[in-house]
Amino acid sequence: MIKFIEKIEGEAKLNFSFDEHKKIDFVDIEFFSTRNIEKILENKPALDALVINPRVCGICGHAHLIATTKALEDCYKNIEVPNNAKILRELTLNFEIMQNHFKWFYLSILPLLGERQHLLKATFPSQILAKAIAVVGGQYPHTSYSLVGGVVCDITVMDILKITHLIDEVMKYFEKNLLVDESEEFLNYKNIENILNKDGDLIKTLLKFKQNSWQHLGRSYGRFVVFGQNSYFNSGKSIKTTVSKNLNFANIKEQTNQNSYAKNVTYKNKYYEVGPLSRAMLNKIPLIKDSHRKYGDSIFSRILARMYEIPQLLNHSKKLLDELDLDKPFYIEPKIDISKISGSGYGCVEAARGTLLHKVKLHNGIIEKYDIITPTQWNLSNGTKEKLGVSQKAMIGLSDINLAEIVFKSFDVCSVCTTH
Amino acid sequence: MYDKKLKIIWLTAISCNGNSHSFLNYPHLEQFIDDFEFIYHPLIYSKYSLQDLINKDIECDILLLEGAISPEFKKMDEPIINLVDKYAHKAKKIITVGTCATFGGIFSQSDYAYTTGLHFDKENPTFLFKSLKHKTISISGCPIQPEVLANTIYAIQKNMDLKLDNYLRPKEFFAYTIHNGCTRNEYFEYKVDNHTFGKKEGCMFYEHGCQAPYTNGSCNKILWNGVNSKTRAGLPCMGCTSPDFPKQNLFKTKKNMGIPQNLPLGVGKRTYLTLAGITKAFSIKRLEEDLF
Amino acid sequence: MLTKKEQKKEKIIRNALLLFAKNGFYATTIPDIASTLKMSVGNMYNYFKSKDILAKEIIKYISAYLGSKIKKINEEDISTKEKTKKIIEMYFKTAMSKPEMIDYFLRIYLSNREVFLDGCEGMICVNEFVIEVMIYFEEGVKSGDLRDQDFFSAFGLFMGYLGGMVFLKGENILPKELNDYIDDITYNIYKALSV
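Chains as they are written, first to last, in our numbering: chain A, 131 to 550; chain B, 19 to 310; chain C, 53 to 247.
Treat each hint with caution, since some may be false.
What the hints assert, rightly or not - Calculated cross-link-like contacts (lysine to aspartate or glutamate; reagent style EDC-like; alpha-carbon spacing at most 20 Å):
id	chain 1	residue 1	chain 2	residue 2
1	B	Lys92	A	Glu160
2	B	Lys298	C	Asp170
3	A	Lys470	B	Glu225
What the hints assert, rightly or not - Beyond 12 Å from chain A on every Cβ pair, some chain B residues (computed):
id	residue
4	Ser149
5	Leu150
6	Ile174
7	Asn177
8	Asn274
Rather than coming from a laboratory, the hints here were simulated on the basis of the structure. Glycine residues also receive a C-beta, built at the ideal position from the N, C-alpha and C atoms.
Based on the sequences and whatever the hints tell you, model everything.
Written as structure tokens, this is what we have:
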């Protein structure tokens, strides 16, 4: 049975097969097209990738920009990047992650649960967050303000004030609409029951899952990985609750896929989940760990992890703002011009949907080879019956394909990115 | 007079969805969705699905096309060309949303054969949909500015007579250059050419490839996200509204023996060099120093 | 058409140029110039308020003269190599027929910068000439004939060479006429500047 999935970033085709009990026993995931960004990049001057790569994706292009910058800087091996630039890159990427989460929740998930789509509830906070990126980077989407050696801007105390107000506004919005809680303690909760008696769209959604006894729905391997280490996210992998810090990019393998334009991705030959739930597991966020303990890597945990990331990132973003030193530079011109650089580099960040990896090979500043592995490739790898991908495994055993669609979308699918 | 809302189909072809997301940043979205109905949209709730669009015959007033087209590209196994053909003929007006839909843009370099905009392959006219040219408005930009799209749609609703340029773009928005309104204008006027990144001072035209003086658009007139622009922030204009976007070597000004290859729109070489020669002879202390 | 006043100004400039070349810049006074034109000194000041102002007007006059000649060559539909030769021919022809002009440029303008500090900053007073040389270079690079390089490294090579030859001629050191060197100089300059 075939189901077309729409209103994700792009479209996908799910081909379900059922066993004798009318339960899903396999799902073939197909993405329709590819735009060959990697080939477009070949033979172009290195810095042009900073302009082309944000155009991989309209909703998470900024993650592609930061990954590109890091991959190019990695080709230098020892390049000096000012601390202010590192802070701003993290900050604007945080903003992008959050605008994405709001859109996912209100545009993709709620309508699946029988709610009308609340367009403005998504756009109100996402517009504020886009504005905060624009204060630093000039515009959103599709700025290229981060470049080899730093960032192009030179922000002032007034800009910091503006951004602070925007962050406060989003926090207020979150507390008013998603999780209504007077106690201001909600970031320290350790127990799911602490929040389920509150109000707000997030809580109502979680309760709906409980009422339908869906809170265990959509479980997969319970294998999580995070590569994009930064001042907030911890990299590492976690299997059930065993955490290991040692990761090696060389163990990531990409395989082409017979039925789909998207390539499959494994770490040491195993499929892993990436994204907010993985990040919360690696960051040992008590509330999410509790959800995982009770309901596993279910849709319930995924939704909670994704939306609960917003107040964490808002708080952390304010700390980042405090660490800026306006007397210090935002950009340090690299000692060697990029046109003289030959070598290869990795750039890895946490995007909204999880780990995003860029690999580049330069010869005299010209791109010889470019490779992008997106989060959706991890989560939506199209495996075989014997070796199912993460989202495939999560859909097995369901009998209702509408529920399967919710499971599928709980990974926040970006077909656009995946078919770069 | 407008007792019924105009029905809009937003169709995406070979694209990154950047225009869809940029449009979600339109500040008066609430009013907009009161005034118009998206009967199909890739993200926003709509009466019809993409499958309906393919299988049914739906009436629409305005067709918005995002992304480049190619005879090889399909949406759910349906050639995009067929979809465009079907709804473009029904629609009273067509808007090509973004540089890809208008000129082919970045994805004209993808592997699909004959990837172009609806009416242009870079600056050259194409012929497949020539008969629709009279009812098309182009809005280039990678991505589009939300207000530019919204107010063009309102202009259609109100039957306004929009003057268009040679690429069918509304002159209201595209008669200006990106340079108009840039906060770094003084550095350009007085040819202070010592720009480095990470500074609020300096002009990117001389060294860092800024295309603002010869690119059409309203980026510094209608600010992005209501607050800023690339050039104000310190990022060169990449010429994303132009037929040949993206050019190559975007962070470097192409010069021939020190003279920029591309000069400000409509400014002759001798005019430019005379002015540059005069201003460069003087040094203006205020502009050589940091603002504060 | 030039106005009467402009015609008179030009006449003063041409006479002044001759006197400067003959007697030297410092030794020549405004009354000297007035007397060769049979003008009163007072009337002379109606045209030029001081010798310094006159000096600046003269260099602008020369720059405009040379600039207009090169502009004509730039606008011809010929190869960069032919343009190179024509510019050299034109420069030497001017040096032979109006030696006082090139002389003024080399010996007075370039050697007495203090006179030109105020009002002739940078290359303002020689703008018309420099711009045409720039355009000659730029079009040469664009057409793929000349190598892209810093403007001044090319300008110095070109003008330094020609100026040097005219200087040697003026010192009576050159054994042959300037015209006899045109082919070799064209070859040398073009070879040095081409891709």
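Checked hints:
Between lysine 92(B) and glutamate 160(A) the CA atoms are separated by roughly 14 Å; this keeps the pair inside 20 Å, and the hint holds. Simply put, lysine 298(B) and aspartate 170(C) have alpha-carbon atoms about 15 Å apart, close enough for the 20 Å limit, and the pair holds. Restraint check for lysine 470(A) and glutamate 225(B): satisfied, since their Cα atoms lie roughly 18 Å apart, inside the 20 Å limit. Residue placement check: serine 149(B) keeps its beta carbon more than 12 Å from all beta carbons of chain A (closest about 27 Å).
The Cβ of leucine 150(B) sits about 24 Å from the closest Cβ of chain A, beyond the 12 Å cut-off, so the non-interface label holds. No Cβ of chain A approaches the Cβ of isoleucine 174(B) within 12 Å, the least distance being about 22 Å, so the stated non-interface status holds. Every CB of chain A lies more than 12 Å from the CB of asparagine 177(B), the least distance being 27 Å, so the non-interface label holds. The Cβ of asparagine 274(B) lies farther than 12 Å from every Cβ of chain A, with a closest approach of about 18 Å, so its non-interface assignment holds.
Consistency with the previously given hints is maintained throughout, with no hint failing.
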